[in-house]
Structure formats: C-alpha cells, structure tokens
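Engineer: One-letter residues, chain by chain:
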Amino acid sequence: MGSNPAARSTALTHDAFTFVEASGGIEAYRLTANGLQVLLLPEAAAPVVTLMITYRVGSGDEATGLTGATHFLEHLMFKGTERFNKQQGTSVFNMLQRVGARVNATTWIDRTNYYALLPKESLPLAVEIEADRMRGARIAPDDLASERSVILNELDRGENEPLRKLYQAVWSMAYVAHPYRHPTIGWRSDVEHVTVEGLRHFYDTYYWPNNATVSVIGDFDRREALDLIAAHFGVLPHAPKPIPFERTREPVQRGERRVVVRTAGHVGALMIGYKVPPALDPDADALNALARVLAASMSGRLYRRLTDQGLTAQVTAAASHTRDPGLFYFMAMLAPGRTHKEVEAAIYDVVAQVQAEGVTEAELQRAKNKLRAEEAYSRDGPYAIAAQLNEAIAAGDWKLYTTFRERLERVTTEDVQRVAQVYLLEDSRTVGWYVPS
Amino acid sequence: MTDTIQTAHDNPLSAGVEERVIGPCRVLMMPTPVQGVVSWEGSFTAHPDMAGGDELVQAITVRLLDKGTTLRDRFALAEDLDNRGAQLHFSSDALRVGFQGKALRDDVPDVVRIMAEELRHPLFDAAEFTKAKAQFMAGLQRTLENTDAQATAALSRRLYDAAHPNYIPPTPHSMAQLEGLTREQVRAYQARHFGARDLLLVFVGDIDTEAVAQALREAFGDWTDHEAPPLFSTAMGVLPPDQSRIVLPDKENVDVRMGHTLSVYRQDPDYVPLYVASYILGGNFSARLMTKIRDEMGLTYGIHARLSGITREYGGHWDIGVTLSRAYVGQGLAATLDEVQRFVDEGPTADELEEKQTTITGAFKVGLATTGGLASTLYRHAIQGFEVAYLDRFPEEVAAVTLDRVHRAVQQHFRPDRFQTALAGTLAEATVSEA
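Note that the protein sequences, when read in sequence, are chains A and B. For the first sequence, the numbering used here gives the first residue as 1, with consecutive numbering after it. For the second sequence, the numbering used here gives the first residue as 1, with consecutive numbering after it.
No lab work stands behind these hints, which were simulated from the structure alone. Computed from a predicted structure; not experimentally measured. Keep in mind that a hint or two might mislead.
[Claimed, not checked] Subject to a maximum C-alpha distance of 30 Å in a straight line, what follows is the list of computed DSSO-like cross-link-like pairs (lysine-lysine):
1) A:Lys341 - B:Lys133
2) B:Lys292 - A:Lys86
3) B:Lys133 - A:Lys165
4) B:Lys131 - A:Lys341
5) A:Lys165 - B:Lys131
Could you build all of it, start to finish, from the sequences and the hints given here?
Structural biologist: Written out as structure tokens, the structure reads:
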C-alpha cells in the first residue's frame with residue numbers, strides 16, 4: 001500500500017462530492033454540502049460489505065461532570081430516532097440484524113464508531129440508518145433511565161476484572177490534566193447523574209457531518225455508494241459552530257508516578273506506561289517497531305527475559321496510537337510465586353539493554369515481515385480493514401493505515417534505539433501494581 | 001423473506017470445496033478469491049479418559065507442543081514462524097486436539113510441516129514443562145476470580161456426570177491435579193493418545209493445492225492411529241433441580257447461568273427447530289430476552305439463551321445466562337425466569353420466526369466472508385458428521401422450519417421447571433453451597 005496520486009485518474013466525478021485523494025486502494029471524497037468525509041474501498045472477495053461511521057469524538061473530549069458522555073450516547077444512538085425505533089418495530093438492531101448483519105459500536109478516547117457487516121444488498125438500509133441517527137437520536141428521558149442502569153452494570157462488570165482496573169488506574173495516574181485520565185465508560189458518579197440536557201449538549205456539539213467519516217469497504221459499486229450517501233447524508237447541515245478541537249494540554253511529567261490496585265484475587269499484574277508522542281509524530285513508527293520487536297511472541301525479548309525465565313505467565317508491550325500524546329506500555333501477569341519488584345526490574349533490564357545496544361537487524365526484519373503478512377490478512381474480510389482504518393481516522397489521518405507498512409519499512413535499528421533512549425525514561429513513567437489480597 | 005444464499009439447486013457454495021484423502025488425512029480445500037492468504041483448521045480425536053483426569057493432562061501436553069521438538073528448539077521454531085508472519089495454534093478441545101493456522105500462500109506447505117513436527121515430535125523439555133505448569137496454574141488462579149467462568153463451571157457440575165466431556169471440575173480440584181502432574185505422564189499421554197484418528201484438515205483461501213497436498217503427504221503420510229479407546233460418559237441430568245452459589249469477594253457484578261440437559265444430538269431432526277427457538281428467545285440483541293430484560297427494564301448489560309455442548313457423540317444443555325449488578329440479582333433473576341416461562345408457554349410468533357430465520361441465514365452468509373470463518377464452518381460441519389454440501393443445506397433447513405415445528409420442539413424439550421442454576425459473585429450468603 002502507499003500513496004498513489006495516479007489514482008486520481010480512476011476517481012469518480014460526482015456532483016455532490018469532491019475527490020480529495022487516494023491511497024492504498026482507498027479513495028477519499030468530501031460531501032460538498034456539509035463536509036462529511038467518505039472513504040471507499042471496493043474489495044469483492046465475498047458478497048458482503050462493511051459500513052462504518054467514525055465520529056471524531058471520544059472520552060478525550062469529555063470534562064469532569066460529563067465523563068462517559070460519548071459512551072452513553074453510543075448506547076442511546078441505538079435507542080432510536082423518530083423513524084427507527086422499537087415502538088414502530090423498526091429499531092436499529094431489529095432492522096439490521098434481521099438481514100444477518102453484525103452490528104455494533106465502540107467508543108474509546110479519540111473516537112466513537114458505529115458499524116455493520118452485512119450482505120451487500122443491504123447497504124442502502126445501513127446508510128439510511130446512520131444518516132438518520134447522526135442528527136435524529138431521540139435522547140429521551142425514559143431511554144436515559146433504562147440505559148443508565150445498563151451502563152452501571154457494564155461498569156460493574158469492568159470492576160470485576162483486575163487487569164482492566166489496573167489499566168485504567170495507570171492512565172488515570174499518568175495524566176493529571178488531560179482528559180485521557182478519564183475512563184471511557186465514565187466515572188461512576190457522572191454516569192449516575194448525567195442528564196438529558198448534558199448529553200444533548202454534547203451530541204449537538206460533536207455529532208455533525210463535518211466531524212465524521214463514513215467508510216464503505218467490501219463488495220459494492222462506488223457510484224451507487226456515493227449516490228446513497230449523498231441522498232441520505234446530503235440533507236444534513238454542517239455544524240453551526242466550530243467543532244472544539246483543543247484539549248487541556250498535559251504538563252510534562254517530571255517524575256515517576258506509582259499506583260497500587262488492591263482487590264481480592266490470586267494472580268498479580270504489573271503495568272508500566274511511558275509518555276510518548278501522538279500517532280502523527282515522526283517518532284511514532286519507531287516506537288511501534290520497538291513494541292513489535294519486544295513483544296514478538298516467543299521470539300521477542302520480553303518473552304525470553306521474563307516468561308521463558310519463569311517470571312511471568314504473560315508479558316506484552318504496545319505503543320498507543322492516539323491523537324494526543326499517549327503511552328508506550330508494558331503489561332505483565334506474574335507467574336505464581338514471583339514478585340512485582342523482580343518483574344519490574346526485569347522489564348527495566350530489557351529497556352536498558354535496548355537503550356545501550358539497540359535491536360538487531362534480524363529482530364527488526366522479523367517485525368517487518370510479520371507486518372507484511374498482517375497486511376495481507378487484514379484484506380481477508382472487510383471488517384478487519386474497518387477496525388484498523390477506524391483507529392487511523394481517530395488518530396488524525398486515515399492514511400496512517402494505508403501507509404503504515406511503507407513507513408515501518410523505513411524504520412532503522414538506529415531509530416529504534418534512539419526512541420528507547422528518548423522516551424523510555426524513569427521520569428516519564430507511571431507504574432501500576434495490581435496486588436491481589 | 002429475502003434469501004440470497006446459494007442453494008444446492010443453483011450454483012452451490014459447496015461446489016467449490018475439493019475433498020481428498022491424503023494418507024490418513026481427510027482434507028477439504030476451498031480456494032477463494034482472497035489474495036495471498038490461507039486459513040486452516042483441523043483436529044484429530046485423542047479420546048482422553050475423562051473420568052481419569054486426562055483432560056488436564058491433554059491441556060498441558062498441547063501447551064508444550066510449540067516449546068521445542070526433537071528436531072529444533074523452541075526459539076528456532078518461533079523465529080521461523082515470525083519471519084513468515086504465520087500464525088499457528090493448538091487447542092485442547094475435549095475429545096480432540098485441534099489446530100488452527102494462517103499463513104501467506106507460499107508459506108503454507110512449510111508451516112504445515114512445522115505443525116506436523118510439533119504434533120508428532122514434541123520435546124517435552126523438563127524446564128519447559130515446569131514453566132508450562134506454572135503458567136497453567138496462573139490461568140487457573142485467574143479462573144478462580146472470574147465470575148463468568150465459575151458460574152459456567154458450577155452449572156456444568158449440576159448437569160453432567162464427572163466423566164462427561166461437558167463437565168468442568170472445580171478449579172481447586174484441577175489445581176491439585178496440576179500440582180501432582182509429572183513430565184512422564186505428559187510424555188505417556190502423547191505417546192498413547194496422539195495419532196491419525198479422524199484426522200481432518202480444512203484449508204480455505206489462495207491455496208496452492210498441489211503444494212499443500214504434497215506437504216501433507218510428507219508430514220502425515222506415515223502417521224498411524226493411536227490405541228486409546230473412547231472413555232467418556234454420556235450421562236446427564238444426574239441431580240434434582242437446585243442452585244449452586246459460588247461466593248467471590250470484591251465483585252460488583254454477579255454472573256448467573258441456568259439450564260437443563262437436552263437429549264438431542266446434533267444430527268437429530270429436532271436440533272435445528274430448537275436452535276431457532278432458542279435464538280428467538282435469546283440469540284441476539286433484538287431477541288426477546290435482550291429486548292425485555294436489558295432494553296425495557298435496564299437490568300442487565302448482557303443476557304442470552306443458546307444450545308450448548310451438543311455434538312454428534314453426546315448431548316448438551318439449554319443455557320440461559322445473565323449478568324447482573326449485585327443490587328439487582330433477585331429482580332433480574334425473577335424477570336428472566338418469567339420471560340423464559342412465557343416463551344415456553346406461548347411459543348414464538350410467526351413474525352418472530354420469520355425475522356430470526358432471515359437473521360440466522362443472513363448471519364451465516366456474513367460469517368463465510370473470511371477465510372477463517374469459512375474454514376471454521378466447514379470444519380465444524382465435518383466433525384458434526386455432515387457432508388460438505390451441508391454448507392448450502394444448513395440455511396435451507398433453517399428457512400424450512402415451520403412455526404408448528406418450533407412450537408412442538410419447544411413443548412417437548414424446553415422445561416424451565418427443571419432448571420439448574422449457578423450464581424457466582426459477591427452474594428448475600430457467606431457460605432458456598434454446591435453439590
């Protein structure tokens with residue numbers, strides 16, 4: 001995959017759309033009437049299509065008092081509009097699942113997305129539904145009341161999972177000002193007290209065509225898809241006010257932070273998060289390569305130093321791929337009888353070794369080879385592509401998905417060593433221990 | 001009703017499946033238009049002695065398969081797979097040892113050879129055995145904290161004989177067995193239970209069929225059957241209806257599982273009508289239970305009804321599951337039972353039947369959109385004893401179910417008054433009460 005200016009010659013001309021650019025087989029258009037971004041990727045390996053809409057809003061846009069709003073709206077968007085609702089027997093789930101669609105939505109820190117993987121002949125229905133609920137969600141008091149208890153149960157289920165609590169505790173400790181500190185599901189008291197008015201205000205601030213991307217992937221005709229999108233989304237206005245973009249900037253972290261999570265349980269865990277730049281930063285690719293080298297199943301350094309030595313039952317590393325500065329983190333589940341202290345020390349040994357000696361060409365090449373295969377696998381069915389495209393949109397540029405492999409190919413062992421030296425520092429890390437009691 | 005599934009009468013999907021016998025292997029190959037990717041799934045029957053605790057021995061044996069062979073060490077094997085970006089997994093699945101793989105087209109033959117090497121010549125290194133035990137123990141300890149796993153396991157113990165493949169022993173029992181497990185037991189298990197019994201492999205994608213066939217010939221051509229006889233019970237419904245309560249501290253949420261055994265095997269004519277009936281009750285978000293208990297009453301994040309553990313060799317059970325915040329356990333349980341009873345008393349409506357028939361057949365089609373999904377479906381049908389054409393026949397069977405047929409099946413087989421129940425979480429009583 002890669003950028004392909006020559007693809008402009010195959011792009012469609014359409015009265016309602018402006019062709020913007022193409023990359024990796026994906027064509028980007030803008031709906032002229034209201035700024036909706038549209039991405040088209042025809043892939044006819046099977047007679048199915050994925051329709052996804054990504055709103056560029058997530059828990060990173062929420063303030064204390066209204067945390068969990070994006071996630072709450074995710075639930076309420078399924079409760080209906082004037083046209084698609086349970087009372088008329090036309091609820092969203094009903095309409096889409098009866099044709100065999102796999103339907104769901106997810107929310108995270110920079111985005112919320114709604115998607116349907118469905119037989120290709122049902123694409124018009126899915127487009128109509130997404131356009132209708134973009135500005136037509138009812139957000140009714142009765143629905144809010146019933147969904148509140150559903151979400152509180154979802155929150156309770158999360159509380160049952162120690163690793164989830166640990167993950168959230170580290171993010172909340174790592175960020176003192178930026179909204180990445182808020183759990184995506186919201187703080188419990190905010191969920192308990194959120195109002196229709198508060199959610200309506202949030203919805204009216206962010207849920208507009210010019211803050212959204214519609215992606216169509218799979219077996220479909222491009223012109224027919226554009227016609228459908230124009231017909232259903234074209235009647236929606238551009239947001240009346242600018243979409244807020246700036247978030248409270250996190251101050252530079254100048255010292256290690258630590259947090260302990262204690263709950264009944266049996267197996268301890270450890271998470272270490274380091275502050276790293278956002279996905280659009282030039283160093284993001286080297287950080288991603290570093291994570292891949294370290295976490296590469298049995299051939300990776302973390303496995304060899306920790307799991308293979310009996311310190312951990314599992315250990316991994318990942319670089320978050322976010323709009324604002326995120327975390328490069330290690331997550332480890334302790335082996336029985338091992339201590340947090342020794343596992344933490346072993347992880348620092350791995351980090352120190354990379355900082356001092358770098359990684360080998362063989363390790364880096366293995367990571368690149370693996371990515372080449374993963375890219376092929378991601379073309380096996382339209383949903384896998386949609387999921388990765390979703391994160392690229394959220395991070396600020398959908399082409400992060402199509403250009404990832406060529407960017408990773410350019411990463412050198414020197415780059416990897418350098419980012420380990422620059423970012424994996426004691427003063428920028430937050431350490432969390434889950435201690436079972 | 002819209003039905004766009006290709007039928008056996010015009011352009012059947014299954015016509016693209018090539019069936020071969022290669023040495024002891026039954027092989028299904030289905031080329032698809034995807035570029036460069038092949039997924040596969042398969043298994044052989046190992047016949048663990050279920051009453052003798054072999055299921056755990058099998059699980060540890062499987063865990064050690066990728067930890068080195070007599071020909072290559074574990075790191076050489078891992079690097080070989082990682083260099084190709086190939087994925088290879090082994091699983092312990094009750095009576096079977098399973099394997100799943102995904103690789104680029106040109107790498108498939110070599111990865112198949114690695115798979116065979118790991119199945120046939122595992123090293124069982126002493127240090128790796130010790131580590132595998134520790135990792136498995138950590139997994140069991142995590143299971144102790146998991147309300148869903150504990151409720152599911154407790155229900156199984158109310159429903160099945162201890163030697164039934166669907167029976168899940170208490171976690172402390174498994175932990176004690178694991179403590180005493182020796183490397184010699186694992187070695188002996190592999191020697192006695194690994195072999196080409198019902199060896200089945202399904203490949204889907206951009207397959208170089210002759211190259212894969214050659215690799216299979218080389219890898220498995222001389223693999224013989226093993227000697228282990230089938231040793232499991234089909235006995236079910238051993239206890240009178242009652243409730244198990246597993247008390248776990250510090251849990252905000254309680255998981256509940258309810259159900260009773262079904263004397264229906266996969267190939268029975270009543271299976272599909274019961275499957276459709278259960279789907280109407282609790283198969284997806286727009287089914288009755290989610291609509292009532294979650295959407296209207298707001299009592300739960302998740303609730304389901306499904307047929308569980310039914311194969312062609314043994315029966316399973318009707319499983320109702322619901323997740324409830326502590327404050328709503330009583331109310332949620334009562335509401336769920338009310339709704340289930342109402343469904344059994346009244347049966348589904350014609351509209352419900354039609355809607356769920358199109359849902360199931362449509363979802364079936366969507367599930368075949370990836371090489372992995374197609375391989376998995378073909379594999380599942382094959383081990384259930386169906387011919388390849390069942391890929392086209394299943395949606396037809398679903399579409400052909402009549403309302404009368406569903407009503408009769410529900411009346412004959414679904415009996416909420418016989419429910420066993422298991423709850424796990426921070427419950428009111430401080431004692432554990434379990435048979």
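Engineer: Does each hint fit the structure? Answer for all of them.
Structural biologist: Hints, verified against the model:
no., hint, in the structure
1, A:Lys341 - B:Lys133, "holds, 22 Å"
2, B:Lys292 - A:Lys86, "holds, 11 Å"
3, B:Lys133 - A:Lys165, "holds, 27 Å"
4, B:Lys131 - A:Lys341, "holds, 20 Å"
5, A:Lys165 - B:Lys131, "holds, 27 Å"
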